[in-house]
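Peer 1: Could you build all of it, start to finish, from the sequences and the hints given here?
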Amino acid sequence: MKIASFNINGIKARLEALTNWLDEAQPDVAVLQEIKTVDEGFPHAPFEERGYNVETHGQKGFNGVAILSKHPLEDVQRGLPGDDEDEQARWIEATVMGEATSLRVCGLYLPNGNPAPGPKYDYKLAWMARQKARAAELLATEEPFLMAGDYNVIPQDEDAKRPEAWREDALALPQSRAAFRELVAMGFTEAFRARVQGPGHYTFWDYQAGAWNRDDGIRIDHFLLSPQAADRLTDTAIDKDIRGREKPSDHVPIWVELDV
DNA sequence: ATGTCGTAACGTTTACGA
1 MKIASFNING
11 IKARLEALTN
21 WLDEAQPDVA
31 VLQEIKTVDE
41 GFPHAPFEER
51 GYNVETHGQK
61 GFNGVAILSK
71 HPLEDVQRGL
81 PGDDEDEQAR
91 WIEATVMGEA
101 TSLRVCGLYL
111 PNGNPAPGPK
121 YDYKLAWMAR
131 QKARAAELLA
141 TEEPFLMAGD
151 YNVIPQDEDA
161 KRPEAWREDA
171 LALPQSRAAF
181 RELVAMGFTE
191 AFRARVQGPG
201 HYTFWDYQAG
211 AWNRDDGIRI
221 DHFLLSPQAA
231 DRLTDTAIDK
241 DIRGREKPSD
251 HVPIWVELDV
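As numbered in this note's numbering, residues 1 to 260 make up the first sequence, in order.
In short, the hints are calculated from the structure, not lab data. Hints are supplied without guarantee of correctness; some may be wrong.
Result set (DSSO-like, lysine-lysine): computed pairs, CA atoms no more than 30 Å apart in a straight line [claimed, not checked]: (1) Lys12 x Lys120; (2) Lys60 x Lys70; (3) Lys70 x Lys132; (4) Lys2 x Lys247; (5) Lys70 x Lys247; (6) Lys247 x Lys132.
Peer 2: Here it is as structure tokens:
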């Protein structure tokens, strides 16, 4: 089963780029971030025509996540537990039935956190603490699951072309990296790094300052696999070429293949 | 040269978030 994550930066602006990529990459499941629309504004037909079930968790103008799946989606849960006051749409979960086993898929858009320090950075760290709590609950089930999306965390210096430029940024501050490490250390496998080593692998290039032309990127979109999911990992890659196409998102898709 | 995009709104331009 091929599962992909793609921060599309606006479904209305990205519909053609997204459907073109789906037609080529043919993921069984895709988690999307920054749909930037309310649920009613998300177009279902282009995806249903292609055999995808669609579940969204949107809000007006910003944020918003979705899951597309060629298999039925069960037990859909919207929103990250742990704060009833939180109205930002950044988390969606659903269970997908594979041939061998079911897989719980969590799609996430972790807060950016800039400027740091400040309330936005506090929100980011609090959100990561809530994610850890939810991860602990899911780990206790001992069922295969994964958490995929835009983590807005550059795990290590080798994950940026110019690490010095991100030194004071919320995406790379020591506290952000520590929180990400602690999450992984609960028992997850960071899929890409389990199979690909070394610098030069990025998932985001800013629209500004010719970042793409300079390959001035960062790796911030990640798949964390539970132990039972990690046992089934057979492949992973970043669809880098998508960034060079017409009207691209500033992120590119990343995917894993699991034997489920 | 602080460089681009996407979205929303009392909109033909500004503000915000990234």
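Peer 1: Next, verify each hint and record whether it holds.
Peer 2: These are the hints, each one checked on the structure:
Simply put, lysine 12 and lysine 120 have alpha-carbon atoms about 26 Å apart, close enough for the 30 Å limit, and the pair holds. Our distance criterion of 30 Å between C-alpha atoms is met by lysine 60 and lysine 70, whose separation comes to about 27 Å. With a C-alpha separation of about 29 Å, the suggested pair lysine 70 and lysine 132 falls inside the 30 Å cut-off, and the hint holds. Proposed proximity of lysine 2 and lysine 247 is supported: the alpha carbons are some 25 Å apart, at most 30 Å.
Proposed proximity of lysine 70 and lysine 247 is supported: the alpha carbons are some 26 Å apart, at most 30 Å. Of the pairs offered as hints, the one joining lysine 247 and lysine 132 is violated, with about 35 Å between alpha carbons and a cut-off of 30 Å exceeded.
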